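Asks: As they're listed, the protein sequences go chains A and B.
Residues 1 to 113 (my numbering) are what the first sequence spells out, left to right.
Residues 114 to 226 (my numbering) are what the second sequence spells out, left to right.
Worth flagging that the hints you see were computed from the coordinates, not collected in a lab.
Keep in mind the model is a prediction, meaning the values are calculated, not measured.
Don't take each hint at face value.
Pairs of lysine-lysine, BS3-like flavour, derived with a Cα cap of 25 Å [what the hints assert, rightly or not]:
no., chain 1, residue 1, chain 2, residue 2
1, A, K71, B, K213
2, A, K71, A, K57
3, B, K170, B, K221
4, B, K213, B, K168
5, B, K130, B, K116
6, B, K170, A, K9
7, B, K130, B, K176
8, A, K57, B, K116
9, B, K184, B, K170
10, B, K213, A, K57
11, B, K221, B, K184
12, B, K221, B, K176
Reference excerpt, derived from the structure (chain A facing chain B, CB under 8 Å, subset only) [claimed, not checked]:
no., residue
13, L13
14, M41
15, Y48
16, A50
17, R94
18, E101
19, L102
20, G105
Where is the CB? At the ideal position from N, CA and C, for every residue including glycine.
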Amino acid sequence: NAGVTQTPKFQVLKTGQSMTLQCAQDMNHNSMYWYRQDPGMGLRLIYYSASEGTTDKGEVPNGYNVSRLNKREFSLRLESAAPSQTSVYFCASRADRADGELFFGEGSRLTVL
Amino acid sequence: SQKIEQNSEALNIQEGKTATLTCNYTNYSPAYLQWYRQDPGRGPVFLLLIRENEKEKRKERLKVTFDTTLKQSLFHITASQPADSATYLCALLTSGGYQKVTFGTGTKLQVIP
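Taking the hints into account, I'd like the entire structure generated from these sequences.
Replies: Here you go:
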């Protein structure tokens with residue numbers, strides 16, 4: 001049982017380049033999330049999707065776009081990467097209950113030079 | 114503005130003692146509060162959930178309390194072991210927008226043999 005799978009695990013970009021982080025879950029959850037984690041800042045919500053076809057901004061959405069391609073997949077796109085987007089990115093899906101817990105992927109470490 | 118703070122960035126404790134971690138929040142009315150464990154290089158893993166109408170929850174050596182008057186949750190690990198060393202994160206879910214899950218900054222616990 002894979003749970004939540006993120007790709008790539010590591011990526012180095014130059015300023016201005018674009019890339020897409022992929023995320024897929026096999027638990028049939030409706031809700032999916034993208035967070036970034038920086039030292040001393042905890043996990044900050046970038047975007048989330050309550051169901052297929054819907055997305056909402058989180059705390060730090062600027063510079064990012066998302067696509068909920070289907071129920072399984074939720075991708076995060078950086079159109080023009082900036083050094084401030086150097087971070088570890090985590091995708092998660094959530095159990096379909098009001099108090100449902102998050103299931104996280106292993107993270108994608110992105111460096112923007 | 115809304116804020117979730119965990120008492121300290123790092124906490125060192127002797128093996129066998131009880132570790133107590135704090136999660137304080139302002140300008141939130143959480144319906145649910147969750148605690149997660151994160152090991153280096155891994156995604157967070159769900160540990161415990163407590164609801165706003167519950168004062169205390171236990172699971173093996175873990176205990177969580179929730180005081181909505183003080184706007185605080187305490188997370189206790191009794192008889193701590195070196196294997197408990199990790200970063201612990203609290204997360205809040207509100208009843209209205211419960212799809213949005215907001216995390217605290219995390220506390221790095223080190224249990225010293």
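Asks: Hint by hint, note whether the structure agrees.
Replies: Here is how each hint holds up against the structure:
no. : hint            : result
1   : A:K71 / B:K213  : holds, 18 Å
2   : A:K71 / A:K57   : holds, 18 Å
3   : B:K170 / B:K221 : holds, 22 Å
4   : B:K213 / B:K168 : holds, 23 Å
5   : B:K130 / B:K116 : violated, 30 Å
6   : B:K170 / A:K9   : violated, 35 Å
7   : B:K130 / B:K176 : holds, 14 Å
8   : A:K57 / B:K116  : holds, 18 Å
9   : B:K184 / B:K170 : holds, 17 Å
10  : B:K213 / A:K57  : holds, 10 Å
11  : B:K221 / B:K184 : holds, 21 Å
12  : B:K221 / B:K176 : holds, 18 Å
13  : L13             : violated, 20 Å
14  : M41             : holds, 7 Å
15  : Y48             : holds, 6 Å
16  : A50             : holds, 5 Å
17  : R94             : holds, 7 Å
18  : E101            : holds, 4 Å
19  : L102            : holds, 6 Å
20  : G105            : holds, 6 Å
Hints 5, 6, 13 from the list above are not met by this structure, while the remaining hints are.
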